[in-house]
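Sequential numbering of the sequence shown, starting at 1, is according to UniProt numbering.
The reader is advised that the hints may include incorrect statements.
As the list claims (entries may be wrong) - Computed beta-carbon distance windows for the label pairs:
1) K98 x P75: 27 to 37 Å
2) K98 x G78: 27 to 37 Å
3) K112 x I62: 13 to 23 Å
4) W76 x L97: 28 to 38 Å
5) E121 x K98: 30 to 40 Å
6) N57 x Q99: 16 to 26 Å
7) D119 x A63: 14 to 24 Å
8) D119 x D54: 10 to 20 Å
9) K110 x I62: 28 to 38 Å
10) V116 x G96: 28 to 38 Å
11) Q99 x G78: 15 to 25 Å
12) E121 x Q99: 16 to 26 Å
13) G96 x E121: 30 to 40 Å
14) D119 x T60: 16 to 26 Å
Unchecked claim - Straight-line Cα separation of at most 25 Å, SDA-like style, residue types lysine to any residue; simulated pairs:
15) K110 x L51
16) K81 x K98
17) K49 x Y67
18) K112 x P85
19) K117 x S56
20) K49 x R82
21) K112 x R82
22) K112 x A63
23) K110 x W76
24) K49 x S84
25) K110 x F65
26) K112 x D47
27) K112 x A61
28) K81 x A61
29) K98 x Y67
30) K98 x D66
31) K98 x A74
32) K112 x E52
33) K81 x D47
34) K117 x C77
35) K49 x Q99
36) K98 x P85
37) K49 x P92
38) K117 x L51
39) K112 x S56
40) K49 x I62
Just so you know, the hints here were simulated from the structure itself, not pulled from any lab data. The structure presented is a predicted model; accordingly, all values stated were derived computationally and were not measured. No residue lacks a Cβ here, since even glycine has one placed at the ideal position from N, Cα and C.
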Amino acid sequence: MIISCRGIGRSIPSLRAVILLSILLQISELPSSFSASSSLDSFSVTDGKVLELDESNLDTAIASFDYILVDFYAPWCGHCKRLSPELDAAAPVLAGLKQPVVIAKVDTDKYKRVAVKHDIEYE
Numbered sequence: 001m002i003i004s005c006r007g008i009g010r011s012i013p014s015l016r017a018v019i020l021l022s023i024l025l026q027i028s029e030l031p032s033s034f035s036a037s038s039s040l041d042s043f044s045v046t047d048g049k050v051l052e053l054d055e056s057n058l059d060t061a062i063a064s065f066d067y068i069l070v071d072f073y074a075p076w077c078g079h080c081k082r083l084s085p086e087l088d089a090a091a092p093v094l095a096g097l098k099q100p101v102v103i104a105k106v107d108t109d110k111y112k113r114v115a116v117k118h119d120i121e122y123e
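I would like the entire structure built from these sequences, with the hints used as guidance.
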């Protein structure tokens with residue numbers, strides 16, 4: 001799942017709830033034969049922290065994890081700033097699930113090519 005908080009207006013609280021609920025519902029419906037990728041160690045996310053990605057490792061991270069939520073953000077964006085602590089709080093909870101979900105983020109100001117590749121609007 002790829003998210004970007006650009007252009008979502010004032011809907012951050014409801015967006016946050018919808019995203020997290022959607023992830024939890026989808027994971028709870030998976031058969032027990034699904035398992036998390038063994039690549040967690042290569043990115044050192046077993047501690048449940050938000051993973052900071054860039055153009056050199058984004059595609060590898062997406063391919064490495066069974067479930068990854070990527071936030072494309074801009075450091076100056078007010079909505080992004082408000083969403084960041086919520087993602088920080090959700091990361092250890094989602095990492096502790098039976099089928100862990102990794103939360104990652106990419107700075108679209110710094111890595112504009114990544115934003116273009118994933119159709120993320122940036123200014």
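Going down the list of hints, with the structure as the test:
1. One distance hint, 27 to 37 Å for the beta-carbon pair K98 and P75, holds here, with the actual separation near 34 Å.
2. Between K98 and G78, the C-beta spacing of about 35 Å keeps the proposed range 27 to 37 Å intact.
3. Between K112 and I62, the C-beta spacing of about 18 Å keeps the proposed range 13 to 23 Å intact.
4. W76 and L97 have their C-beta atoms about 32 Å apart, which keeps the hinted 28 to 38 Å range intact.
5. Evaluation of the 30 to 40 Å hint for E121 and K98 yields a pass: the beta carbon distance comes to about 35 Å.
6. Our hint of 16 to 26 Å for N57 and Q99 holds, since their Cβ atoms are close to 22 Å apart.
7. For D119 paired with A63, a C-beta distance near 19 Å keeps the hint of 14 to 24 Å intact.
8. Look at D119 against D54: about 18 Å separates their beta carbons, and that is inside 10 to 20 Å.
9. Evaluation of the 28 to 38 Å hint for K110 and I62 yields a failure: the beta carbon distance comes to about 18 Å.
10. Our hint of 28 to 38 Å for V116 and G96 holds, since their Cβ atoms are close to 34 Å apart.
11. Against the hinted window of 15 to 25 Å, the Cβ-Cβ separation of Q99 and G78 comes to about 33 Å, which falls outside the hint.
12. Separation of E121 from Q99 is about 31 Å and departs from the stated range, judged on CB atoms against 16 to 26 Å.
13. In this structure, G96 and E121 meet the distance hint of 30 to 40 Å, their C-beta atoms being roughly 33 Å apart.
14. In this structure the supplied range 16 to 26 Å holds for D119 paired with T60, their Cβ-Cβ distance being about 20 Å.
15. With a CA separation close to 16 Å, the supplied pair K110 and L51 stays within the 25 Å bound.
16. For the proposed pair K81 and K98, the alpha carbon gap of about 29 Å is over 25 Å, so the pair is violated.
17. Restraint check for K49 and Y67: the C-alpha separation of about 15 Å stays at or below 25 Å, so the hint holds.
18. A distance of roughly 23 Å separates the Cα atoms of K112 and P85; the hinted pair therefore holds under the 25 Å criterion.
19. The hinted pair formed by K117 and S56 meets the criterion: a straight-line CA distance of about 13 Å does not exceed 25 Å.
20. With a CA separation close to 17 Å, the supplied pair K49 and R82 stays within the 25 Å bound.
21. The straight-line distance between the Cα atoms of K112 and R82 is roughly 21 Å, inside the 25 Å bound, and the hint therefore holds.
22. Distance hint between K112 and A63 is fulfilled; the C-alpha atoms sit about 21 Å from each other, no more than 25 Å.
23. Distance check on the hinted pair: K110 and W76 sit about 12 Å apart at the alpha-carbon level, within 25 Å; holds.
24. Of the pairs offered as hints, the one joining K49 and S84 holds, with about 12 Å between alpha carbons and a cut-off of 25 Å not exceeded.
25. Straight-line distance between C-alpha atoms of K110 and F65 comes to about 24 Å, which keeps the hinted pair within the 25 Å bound.
26. Between K112 and D47 the alpha-carbon distance is near 28 Å, which puts this suggested pair outside the 25 Å criterion.
27. The suggested pairing of K112 with A61 holds, with an alpha-carbon distance near 18 Å, which does not exceed 25 Å.
28. Between K81 and A61, the direct Cα distance comes to roughly 23 Å. Compliance with the 25 Å bound is thereby established for this hinted pair.
29. Straight-line distance between C-alpha atoms of K98 and Y67 comes to about 11 Å, which keeps the hinted pair within the 25 Å bound.
30. With a C-alpha separation of about 12 Å, the suggested pairing of K98 with D66 holds against the 25 Å cut-off.
31. A threshold of 25 Å between alpha carbons decides the hint, and for K98 with A74 the separation of about 31 Å lies outside it, so the pair is violated.
32. Restraint check for K112 and E52: satisfied, since their Cα atoms lie roughly 15 Å apart, inside the 25 Å limit.
33. For the suggested pair K81 and D47, the alpha carbons sit about 22 Å apart, so the restraint of at most 25 Å is met.
34. Pair hint K117 plus C77 holds up; C-alpha atoms about 20 Å apart against a cutoff of 25 Å.
35. The suggested pairing of K49 with Q99 holds, with an alpha-carbon distance near 16 Å, which does not exceed 25 Å.
36. Note on K98 and P85: the hinted pairing holds, with a Cα-Cα distance of about 23 Å set against a maximum of 25 Å.
37. For the given pair, K49 sits about 6 Å from P92 by alpha-carbon distance, which is consistent with the 25 Å threshold.
38. Pair hint K117 plus L51 holds up; C-alpha atoms about 20 Å apart against a cutoff of 25 Å.
39. This hinted pair checks out: K112 and S56 have alpha carbons roughly 13 Å apart, not beyond 25 Å.
40. Using a Cα cut-off of 25 Å, the hinted pair K49 and I62 holds, with the two alpha carbons roughly 16 Å apart.
The earlier numbered hints that this structure contradicts are 9, 11, 12, 16, 26, 31.
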